[in-house]
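Participant: Residue numbers (the UniProt record's numbering), protein chains in the order written: chain G, 1 to 391; chain Y, 1 to 340.
Bear in mind the hints are in silico, worked out from the structure with no lab data behind them.
Among these hints, one or two may not hold up.
Heads up, simulated EDC-like pairs for lysine to aspartate or glutamate below, C-alpha to C-alpha not over 20 angstroms straight-line [what the hints assert, rightly or not]:
| no. | chain 1 | residue 1 | chain 2 | residue 2 |
| --- | --- | --- | --- | --- |
| 1 | Y | K223 | Y | E253 |
| 2 | Y | K166 | G | E128 |
| 3 | Y | K31 | Y | E300 |
| 4 | G | K244 | Y | D144 |
| 5 | Y | K207 | Y | D51 |
| 6 | G | K154 | Y | D134 |
| 7 | Y | K133 | Y | D218 |
| 8 | Y | K33 | Y | D210 |
| 9 | Y | K79 | Y | D51 |
| 10 | Y | K77 | Y | E87 |
| 11 | Y | K168 | G | D300 |
| 12 | Y | K77 | Y | D142 |
| 13 | Y | K79 | Y | E96 |
| 14 | Y | K168 | G | D15 |
| 15 | Y | K77 | Y | E219 |
| 16 | Y | K265 | Y | E219 |
| 17 | G | K154 | Y | D142 |
| 18 | G | K154 | Y | D270 |
| 19 | Y | K207 | Y | E181 |
| 20 | Y | K166 | G | E75 |
| 21 | Y | K79 | Y | E300 |
| 22 | Y | K326 | Y | E309 |
| 23 | G | K244 | Y | D134 |
| 24 | G | K244 | Y | D142 |
| 25 | Y | K168 | G | D77 |
| 26 | Y | K166 | Y | E219 |
| 27 | Y | K265 | Y | D282 |
For the chain G half of the interface with chain Y, some residues (derived, Cβ under 7 angstroms), not all of them [to be verified]:
| no. | residue |
| --- | --- |
| 28 | I51 |
| 29 | S52 |
| 30 | T53 |
| 31 | Q60 |
| 32 | G63 |
| 33 | D72 |
| 34 | I152 |
| 35 | K166 |
| 36 | F247 |
| 37 | A336 |
| 38 | G348 |
For glycine and all other residues, C-beta sits at the position ideal for the given N, C-alpha and C.
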Amino acid sequence: MSDKTTSSNKSILNDAGTRALIFQVVLLAVVVFVGYYLFSNLQANLADQGISTGFAFLNQPAGFPVLIHLIDYTEADTYGRAFVVALINTVVISLMGIVLATIIGVVMGLARLSNNWLVARLATVYVETLRNIPLLLQMFFWYFAVLATLPIPKNSIIFGDFFLNKRGIYSPNPITQDGFGIVVAGFILSIIASIALIVWAKKRQTRTGLWFPAYWSSLGLIIVISFLALAVSGFPIEFDLPQKSRFNVTGGMVLPPEFVAVLVALSTYTGAFIAEIVRAGIMSVNWGQTEAARSLGLKDSLTQRLIVLPQALRVIIPPLTSQFLNLAKNSSLGAAIAYPELVAVVMGTTLNQTGQAIENIGLCMLVYGTLSLTISIFMNWYNKKMSLTER
Amino acid sequence: MKSNVGKLLSTAAIAATISAGAAASTLEDVKAKGFVQCGVSQGVPGFSNADSSGNWTGIDVDACRATAAAIFGDAQKVKFTPLSAKERFTALQSGEIDVLSRNTTWTYTRDTSLGLDFTAVNFYDGQGFMARKDLGVTSALDLDGATVCTEQGTTTELNMADFFRKHKLSYVPVVVQKADEALAAYASGRCDVFTTDKSGLAAHRSKLADPSAHIILDETISKEPLGPVVRHGDNQWKDIVTWAMFVQVNAEEMGISSKNVAKIKSETNDPGIKRLLGAEGDMGAQLGLPAEWAYSIIAEVGNYGEVFERNVGPSTPVGLPRGINKLWTDGGVMYAPPVR
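Could you build the full structure based on these sequences and the hints that come with them?
Facilitator: Next comes the structure, spelled out in structure tokens:
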């Protein structure tokens, strides 16, 4: 009996590690087989129904216009280029939304903690209103209720060379002339100098305890050097001014209402959530920390910046990441109000013209997945950087 | 572990059934479930529009009703699925609907690469522009620099681009996901011009606050033959939807309408009409339909002229003239092969 037990224990099949490995291999084989089966089944069915497959359509001319394109794009360009145009629009609105939402959120979060009764109540009203109304509704509100009340182009509101009407905000468009390279070089140089200054100031402070206003001086440095470079090269910028034409204002730079409505809706909506996260983060820091800082003689502003905020950030960053991801994904709602982002251009127009649903939806999923993962990776890195380092 | 494998296997089984299901005949499916699932628009007056109590009317709705009448002898055995322009083909490809009757333009690419088949044309249309009267625009060629609103995912988007490129005119496109929101953007003044098929323009204009303040420009910039669409590969089903339409045109040509069809059936000596109405022989069997299939279509839905007048004709709010949709015998292009 004992002999049997020993011998079967020696059998490779009874080894826990081996068994686990076998199960893993079997599972993997099943997953691969099922995946392959589903894929080939899909291919066969699409072929049966006479639906074109593959990504060859990306090289075909698109033939449709796109309202907002940050790279050159005309109807004669390909579906592939239209995809890139839409991708850029999605990334731009997401990043700008994230920056604005963070600023709004921090300001509103601090305002809710303010000792000023009115400020605190106003911030509460803001948060409770905006986070409780569906985002799509808010987009329609900004687009159809707010921005549509602006005057028609004929009666534009005019400040100097700026025009404001239903069709957007028109401003002079700077066009760089020969010699602008000097200005760019000056700008880059001043940034490098600023970084050096900040590093030096930090090192000096660690060494001697003396404080130097490095950030303000850097800002001054950048402005002065850039302006000097402009002056030396003889102001090599000309402006393309907007002008009234028969239907619209033409020329200049235009910020269309679709962009404004999506950006405002996304950032104020997400800002309301971030405000609550910021408030929670700050309240999670023990009041004793503030008292201790005060007893050391730190100013209120320094107490916040050096003692409270770094500790609050550890609580704030993980939920903040979720909000950033939400914002990036919510940008797809812009399709409803004609903002030409990924869903509108690829899943809307391109899908309909080519009829290739699986490829186009797959492309969109890939982009949103990649975008979200990138934001996630960055925020995780930042979280690690800010987390408690034990010595 | 076990449960995971089970899930995977059941997924595979489902996938296998889907591939098997796709091969079954649409007519059998429709007969089994007892109604025709018909994809329509989300509201284009005259073409497919639901009233406050959920009754659908319109020329596209009647195409589905004619199909139901042919199969069941009852034009009410239809269920409607409202679809946006961008959803419509996927809904048909996936089998969610049996027939798509949603003012859809018959084009080469759609017919050849989407796995779909167009049946017959129930409305010959063309794209045009609508503008505010106070802009003083009289021709589409005056539109240089204009802002143009349109719905996403239609042939309209491409025609508009082609028109402006061809005439070297500049324009600003505002492409909105749904027709109603595109119209709202036009109504709010975001755009100078709204563009879609001319019939659609008339329908949409009837929805605006002051229809008389808007003008539909004369130019027609494209050919838009609209009609019901079915999935590629089920020829019997395609024939049923196609001939449901042809019967209506033939009936108008023969002077048979919903009002006189019963009388004609019992009194006529014309063998052609007898064949059509099922009083002689069995024309329905070739399509797998009852002998009275054509009689039911005419009695329940009416002939093409009746359908047109009832839904989009001059006496309706849409108020379209019959134009090229007249019978070929009256100088139009509506012409159907004979039933024999």
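Participant: Next, verify each hint and record whether it holds.
Facilitator: Against the structure, the hints come out as follows:
1. Straight-line distance between C-alpha atoms of K223 (chain Y) and E253 (chain Y) comes to about 25 angstroms, which puts the hinted pair past the 20 angstroms bound.
2. Restraint check for K166 (chain Y) and E128 (chain G): not satisfied, since their Cα atoms lie roughly 52 angstroms apart, outside the 20 angstroms limit.
3. For the proposed pair K31 (chain Y) and E300 (chain Y), the alpha carbon gap of about 19 angstroms is at most 20 angstroms, so the pair holds.
4. This hinted pair checks out: K244 (chain G) and D144 (chain Y) have alpha carbons roughly 13 angstroms apart, not beyond 20 angstroms.
5. At most 20 angstroms may separate the alpha-carbon atoms for a hinted pair to count; K207 (chain Y) and D51 (chain Y) meet this at roughly 13 angstroms.
6. For the hint pairing K154 (chain G) with D134 (chain Y), the CA-to-CA distance comes to about 12 angstroms; that is within 20 angstroms, so the pair holds.
7. For the given pair, K133 (chain Y) sits about 13 angstroms from D218 (chain Y) by alpha-carbon distance, which is consistent with the 20 angstroms threshold.
8. For the proposed pair K33 (chain Y) and D210 (chain Y), the alpha carbon gap of about 44 angstroms is over 20 angstroms, so the pair is violated.
9. At most 20 angstroms may separate the alpha-carbon atoms for a hinted pair to count; K79 (chain Y) and D51 (chain Y) meet this at roughly 15 angstroms.
10. For the proposed pair K77 (chain Y) and E87 (chain Y), the alpha carbon gap of about 23 angstroms is over 20 angstroms, so the pair is violated.
11. The straight-line distance between the Cα atoms of K168 (chain Y) and D300 (chain G) is roughly 64 angstroms, outside the 20 angstroms bound, and the hint therefore fails.
12. Proximity of K77 (chain Y) to D142 (chain Y) is assessed by CA-CA distance (about 48 angstroms); at most 20 angstroms being required, the pair is judged violated.
13. The straight-line distance between the Cα atoms of K79 (chain Y) and E96 (chain Y) is roughly 11 angstroms, inside the 20 angstroms bound, and the hint therefore holds.
14. The hinted pair formed by K168 (chain Y) and D15 (chain G) fails the criterion: a straight-line CA distance of about 77 angstroms is larger than 20 angstroms.
15. Note on K77 (chain Y) and E219 (chain Y): the hinted pairing is violated, with a Cα-Cα distance of about 40 angstroms set against a maximum of 20 angstroms.
16. As the CA atoms of K265 (chain Y) and E219 (chain Y) are separated by approximately 45 angstroms, the hinted pair breaks the 20 angstroms bound.
17. Restraint check: the Cα-Cα separation between K154 (chain G) and D142 (chain Y) comes to about 17 angstroms, which is no more than 20 angstroms; the hinted pair holds.
18. Distance restraint check for K154 (chain G) and D270 (chain Y): the Cα-Cα separation of roughly 67 angstroms exceeds the 20 angstroms cut-off, and the hinted pair is therefore not satisfied.
19. With a C-alpha separation of about 12 angstroms, the suggested pair K207 (chain Y) and E181 (chain Y) falls inside the 20 angstroms cut-off, and the hint holds.
20. Simply put, K166 (chain Y) and E75 (chain G) have alpha-carbon atoms about 12 angstroms apart, close enough for the 20 angstroms limit, and the pair holds.
21. Between K79 (chain Y) and E300 (chain Y) the CA atoms are separated by roughly 16 angstroms; this keeps the pair inside 20 angstroms, and the hint holds.
22. For the hint linking K326 (chain Y) to E309 (chain Y), the alpha-carbon distance of about 11 angstroms falls within 20 angstroms, and the restraint holds.
23. This hinted pair checks out: K244 (chain G) and D134 (chain Y) have alpha carbons roughly 17 angstroms apart, not beyond 20 angstroms.
24. Straight-line distance between C-alpha atoms of K244 (chain G) and D142 (chain Y) comes to about 16 angstroms, which keeps the hinted pair within the 20 angstroms bound.
25. Between K168 (chain Y) and D77 (chain G) the alpha-carbon distance is near 17 angstroms, which keeps this suggested pair within the 20 angstroms criterion.
26. With a C-alpha separation of about 14 angstroms, the suggested pair K166 (chain Y) and E219 (chain Y) falls inside the 20 angstroms cut-off, and the hint holds.
27. Restraint check for K265 (chain Y) and D282 (chain Y): satisfied, since their Cα atoms lie roughly 14 angstroms apart, inside the 20 angstroms limit.
28. The beta carbon of I51 (chain G) comes within 4 angstroms of a beta carbon in chain Y, closer than 7 angstroms, and the hint placing it at the interface holds.
29. Nearest Cβ of chain Y to the Cβ of S52 (chain G): about 4 angstroms, under the 7 angstroms cut. The hint holds.
30. Evaluation of the T53 (chain G) hint against chain Y yields a violated restraint, the C-beta minimum of about 10 angstroms exceeding 7 angstroms.
31. For Q60 (chain G), the shortest C-beta to C-beta distance to chain Y is roughly 10 angstroms, which exceeds 7 angstroms, and the interface hint is violated.
32. For G63 (chain G), the suggested interface contact is upheld, since its CB lies about 5 angstroms from the closest CB of chain Y, less than 7 angstroms.
33. Interface hint status for D72 (chain G): violated, as the beta-carbon distance to the closest one in chain Y is roughly 15 angstroms, over 7 angstroms.
34. This hint holds: I152 (chain G) has a C-beta 5 angstroms from the nearest C-beta of chain Y, less than the 7 angstroms allowed.
35. At about 5 angstroms, the closest approach between the beta carbon of K166 (chain G) and any beta carbon in chain Y falls short of 7 angstroms, and the interface hint on this residue holds.
36. For F247 (chain G), the suggested interface contact is upheld, since its CB lies about 5 angstroms from the closest CB of chain Y, less than 7 angstroms.
37. This hint holds: A336 (chain G) has a C-beta 5 angstroms from the nearest C-beta of chain Y, less than the 7 angstroms allowed.
38. Here the hint on G348 (chain G) is kept, as its CB sits about 5 angstroms from the closest CB of chain Y, short of 7 angstroms.
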